[in-house]
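Keeping the supplied structure of chain F fixed, place chain W upon it in accordance with the hints.
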Amino acid sequence: MSTATSAAGDAFRESVRSWVEANFPPELKDQPASMEGAGDGDLAQALERWRDALAGQGWGAPTWPKAYGGAGLTPAEARVISQEIGRAGGYNPIPLMAGMGVTMVGPTLLEYGTDEQKEKHLPGIASGKIRWCLGLSEPNAGSDLAGLATKAEDKGDHFALNGQKIWTSGADISQWCGALVRTEPQAPKRDGLSFVLLPMDQPGVETRPIKLISGASPFCETYFNDARAEKSDLLGPLNKGWSVVKRLLQHERASQTSARGPGAGGKSESLYAIAKRYAGETADGKLEDADLRARLTRHLMDAEAHRLTAERIAAEAKGNVEVSAAASIMKNSATSVSQTRSELMIELMGYRGLGWEGEAFRQEELDTVREWLWGKAISIYGGSAEVQNNIISKNILGLPETTQKG
Amino acid sequence: MAALTEEQTLIRDQAEAWVRDEFPVTKFRAMRDSKAAGAIMGDAWQGMVEMGWTGILVPEAHGGSDLGYLTFGLVLEALGKNLTASPLLASALVGASALRLAGSEAQQAAVLPGVVDGSIILSLAVDEGARHNPAQTACTATAQGDGFVLKGEKRFVLEGMSATHFIVPARTAGAPGEEAGLTLFLVAADAAGLSRTGLSLVDSRGYADVTLDNVAVGADAVLGEVDGAFPVLDAVLDRARAGLSAEMMGTAGQAFTMLVDYLKTREQFGRVIGSFQALGHRAAQMFTDQQLARSCAEAALASIDNDAPASTVAEMASLAKARVGDHLHLVSRELIQMHGGIGMTDEYDAGFYLKRARALEATYGNQAFHRERYASLLGY
Numbered sequence: 004m005s006t007a008t009s010a011a012g013d014a015f016r017e018s019v020r021s022w023v024e025a026n027f028p029p030e031l032k033d034q035p036a037s038m039e040g041a042g043d044g045d046l047a048q049a050l051e052r053w054r055d056a057l058a059g060q061g062w063g064a065p066t067w068p069k070a071y072g073g074a075g076l077t078p079a080e081a082r083v084i085s086q087e088i089g090r091a092g093g094y095n096p097i098p099l100m101a102g103m104g105v106t107m108v109g110p111t112l113l114e115y116g117t118d119e120q121k122e123k124h125l126p127g128i129a130s131g132k133i134r135w136c137l138g139l140s141e142p143n144a145g146s147d148l149a150g151l152a153t154k155a156e157d158k159g160d161h162f163a164l165n166g167q168k169i170w171t172s173g174a175d176i177s178q179w180c181g182a183l184v185r186t187e188p189q190a191p192k193r194d195g196l197s198f199v200l201l202p203m204d205q206p207g208v209e210t211r212p213i214k215l216i217s218g219a220s221p222f223c224e225t226y227f228n229d230a231r232a233e234k235s236d237l238l239g240p241l242n243k244g245w246s247v248v249k250r251l252l253q254h255e256r257a258s259q260t261s262a263r264g265p266g267a268g269g270k271s272e273s274l275y276a277i278a279k280r281y282a283g284e285t286a287d288g289k290l291e292d293a294d295l296r297a298r299l300t301r302h303l304m305d306a307e308a309h310r311l312t313a314e315r316i317a318a319e320a321k322g323n324v325e326v327s328a329a330a331s332i333m334k335n336s337a338t339s340v341s342q343t344r345s346e347l348m349i350e351l352m353g354y355r356g357l358g359w360e361g362e363a364f365r366q367e368e369l370d371t372v373r374e375w376l377w378g379k380a381i382s383i384y385g386g387s388a389e390v391q392n393n394i395i396s397k398n399i400l401g402l403p404e405t406t407q408k409g
Numbered sequence: 103m104a105a106l107t108e109e110q111t112l113i114r115d116q117a118e119a120w121v122r123d124e125f126p127v128t129k130f131r132a133m134r135d136s137k138a139a140g141a142i143m144g145d146a147w148q149g150m151v152e153m154g155w156t157g158i159l160v161p162e163a164h165g166g167s168d169l170g171y172l173t174f175g176l177v178l179e180a181l182g183k184n185l186t187a188s189p190l191l192a193s194a195l196v197g198a199s200a201l202r203l204a205g206s207e208a209q210q211a212a213v214l215p216g217v218v219d220g221s222i223i224l225s226l227a228v229d230e231g232a233r234h235n236p237a238q239t240a241c242t243a244t245a246q247g248d249g250f251v252l253k254g255e256k257r258f259v260l261e262g263m264s265a266t267h268f269i270v271p272a273r274t275a276g277a278p279g280e281e282a283g284l285t286l287f288l289v290a291a292d293a294a295g296l297s298r299t300g301l302s303l304v305d306s307r308g309y310a311d312v313t314l315d316n317v318a319v320g321a322d323a324v325l326g327e328v329d330g331a332f333p334v335l336d337a338v339l340d341r342a343r344a345g346l347s348a349e350m351m352g353t354a355g356q357a358f359t360m361l362v363d364y365l366k367t368r369e370q371f372g373r374v375i376g377s378f379q380a381l382g383h384r385a386a387q388m389f390t391d392q393q394l395a396r397s398c399a400e401a402a403l404a405s406i407d408n409d410a411p412a413s414t415v416a417e418m419a420s421l422a423k424a425r426v427g428d429h430l431h432l433v434s435r436e437l438i439q440m441h442g443g444i445g446m447t448d449e450y451d452a453g454f455y456l457k458r459a460r461a462l463e464a465t466y467g468n469q470a471f472h473r474e475r476y477a478s479l480l481g482y
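Chains as they are written, first to last, in this note's numbering: chain F, 4 to 409; chain W, 103 to 482.
Chain F on its own, in the form it takes in the complex (with noise of 0.2 Å):
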């Protein structure tokens, strides 16, 4: 990097945390990411003038247009947004609070949408104001998307949506959706898909919230009667749905590329401090346990590699993060990264990390079992581990397709 280059990276560095320590409410300060949505008056109050002091900034999205709510900057210097607010002891709550907008719908948008569909639904998105959902998977369409079958049926001035979505992440409390649906029922499978945007708040849409393993969760059940979905809120051609929402699915990955989850990193304060505390330690200091010690370190190793590699990644690409097929193979070890590091905190824990409720319990515990049993869903969603694999084989390695052609 260039002195001139780092100089200004200094200032802007500078500029951003002056503004984080005259705008973020002190309140919020440590606050966990969960509680947004919470009941207490003052916390949300607060919550809500960061969301909008944010959106002032167009630092919800800060990569997006001006035109759009966005800020018009660099993911390097986006970057340093989200550092400084770290360091403030913040977070940014507008891509939580957008839901799948600001990470998914949004950057699918700017590729695909018309002008007019990205001035209507943009800025909202970008404020957080607007929660997004996405109807993609169905009851007999999961890892094999393209077989779904919720039907779009042209209406003249719209379509009429009808069929049944599941995982629908956040329905019950989101305003828009993004739905890729059957609109040519002879094309073959992947052919005859479109996606289309409509709004959750009508009659034809109904959802049902699905507790997990792990208790409550924000998945839903989306039924479609007659749901109705406008023509000008067809994103990409007639029939095409099926390039954009792989384009979706990309970002998407390249969104959960980043192995948190019950947290990552060789050197990770909490993995030690449990281990320290639950597994006694020989004279030397070393963990008593041999054999989980040995898989404890082998653990350490592949966190570690997966961050030097997150690192050489985003160096080979000169701090443009593309969505690539490094997505597939980023997901598969942060997913790994992570379950492994859930299994071996609730084994470190013995009995303690399986309490499930109760004052018996300390709240680290029970947070580490229920991250653990939600963390299966890491390999499942987003494509799963196996449809990764399909992916490295078939794109990287060009190797046969390994599934049947649809």
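These are computed hints drawn from the structure, not numbers from a lab.
From a predicted model like this one, the values you see are computed outputs, not experimental measurements.
Glycine is no exception: its CB is placed at the ideal position from the N, C-alpha and C atoms.
Please note that the accuracy of each hint is not assured.
What follows is a list of derived Cβ distance ranges for each label pair [stated by the list, open to error]:
no., chain 1, residue 1, chain 2, residue 2, range
1, F, Asp-294, W, Ala-212, 43 to 53 Å
2, W, Asn-235, F, Glu-30, 54 to 64 Å
3, W, Gln-238, F, Glu-360, 19 to 29 Å
4, F, Leu-113, W, Ala-461, 44 to 54 Å
5, F, Gly-283, W, Phe-371, 50 to 60 Å
6, W, Leu-112, F, Ala-10, 24 to 34 Å
7, F, Glu-24, W, Ala-282, 25 to 35 Å
8, W, Ala-294, F, Glu-291, 48 to 58 Å
Below are the EDC-like pairs computed for lysine to aspartate or glutamate, each with C-alpha atoms no more than 16 Å apart in a straight line [as the list claims (entries may be wrong)]:
no., chain 1, residue 1, chain 2, residue 2
9, F, Lys-289, W, Glu-474
10, W, Lys-366, F, Glu-187
11, F, Lys-397, W, Asp-363
12, F, Lys-379, F, Glu-404
What follows is chain W alone, placed relative to chain F:
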């Protein structure tokens, strides 16, 4: 691949072209079949000197180019692809690093120009048993007059038959198992009392057992501090481990290329076998593993070039050697398995990669050694 400078890209491309055009695996096979003395491909070694690779880690004042470890790693990776046998790593990386880290200006001036022009071949004679464990050094150096007398056995010394000089860690104090009490000595291979015996290992490279039977050396043979050599020995070994990881990425990379090519061409049951998910998914996992391993190898090399603290370099070197070792182990096994019977034949090259893989894994600490070291470094 790391974001490379123009110069690095040039050196990498040059090395890859040289290996591809001049040193196909048939050359390695010919060397093995001829049981060449010292197990070096002589013409390859001369070529490497001419390309300037022996000087990559040598300061310009001593005739080198001082381009750093990541650059050296690019060359080693290219050489690893076709199993090109030479003392480049032993002499120009491990030996040159020892001189730079421990040697005085006068010692560097006396030795490094010879390393660059190939007339001096250095080798670190560290192991004394079948498993790497430098702290267990038992070989002794007893003060006598102005100098020392060395006595002991060094085993499985890399390029032991072709080396002109050995760098010998010996105990001037303490007992085997202790890190304190070690001293490094530079000993000429033709010193009185030094004898060596070539060993034949599966990878057909030039290992030797070296016996030091009361070898007398002067005070000027001491590299660095008396009694306090362990930290610098460890630093030299970490450079060796990082460099070796780069060579291993080359060997694993070529093995994986052979494997994927075979999956695309071999037909059974009326289709190419790469269309079977049971094989395709294993290949996909190996590719993912390769990407993760590469990041570790490059990070280890870069940490040295960036003057990271010794503890960080140690963590990164152990991470790289273990993670790349696991990767090479996996790919070399699958190379044979996915080829089926043809992979078992001596006529086919797959076996060379399996054999070399295990030798590379064992050198300077196998995966178990480095996982243990990594855990200890992190406080587990």
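Results for each hint:
1. Distance hint for Asp-294 (chain F) and Ala-212 (chain W): a CB-CB separation of about 51 Å, consistent with the stated range 43 to 53 Å.
2. In this structure, Asn-235 (chain W) and Glu-30 (chain F) meet the distance hint of 54 to 64 Å, their C-beta atoms being roughly 57 Å apart.
3. At roughly 53 Å, the beta carbons of Gln-238 (chain W) and Glu-360 (chain F) sit outside the given window of 19 to 29 Å.
4. In this structure the supplied range 44 to 54 Å holds for Leu-113 (chain F) paired with Ala-461 (chain W), their Cβ-Cβ distance being about 53 Å.
5. With their beta carbons about 54 Å apart, Gly-283 (chain F) and Phe-371 (chain W) fall inside the hinted range of 50 to 60 Å.
6. For Leu-112 (chain W) and Ala-10 (chain F), the Cβ-Cβ distance of about 31 Å falls inside the hinted range of 24 to 34 Å, so the restraint holds.
7. Distance hint check for Glu-24 (chain F) and Ala-282 (chain W): the Cβ-Cβ separation is about 51 Å, which falls outside the suggested range of 25 to 35 Å.
8. At about 52 Å, the beta-carbon gap between Ala-294 (chain W) and Glu-291 (chain F) stays in the expected band of 48 to 58 Å.
9. Using a Cα cut-off of 16 Å, the hinted pair Lys-289 (chain F) and Glu-474 (chain W) holds, with the two alpha carbons roughly 11 Å apart.
10. Under the criterion of a C-alpha separation no larger than 16 Å, the hint pairing Lys-366 (chain W) with Glu-187 (chain F) is inconsistent with the structure, at around 36 Å.
11. For the proposed pair Lys-397 (chain F) and Asp-363 (chain W), the alpha carbon gap of about 13 Å is at most 16 Å, so the pair holds.
12. Simply put, Lys-379 (chain F) and Glu-404 (chain F) have alpha-carbon atoms about 27 Å apart, too far for the 16 Å limit, and the pair is violated.
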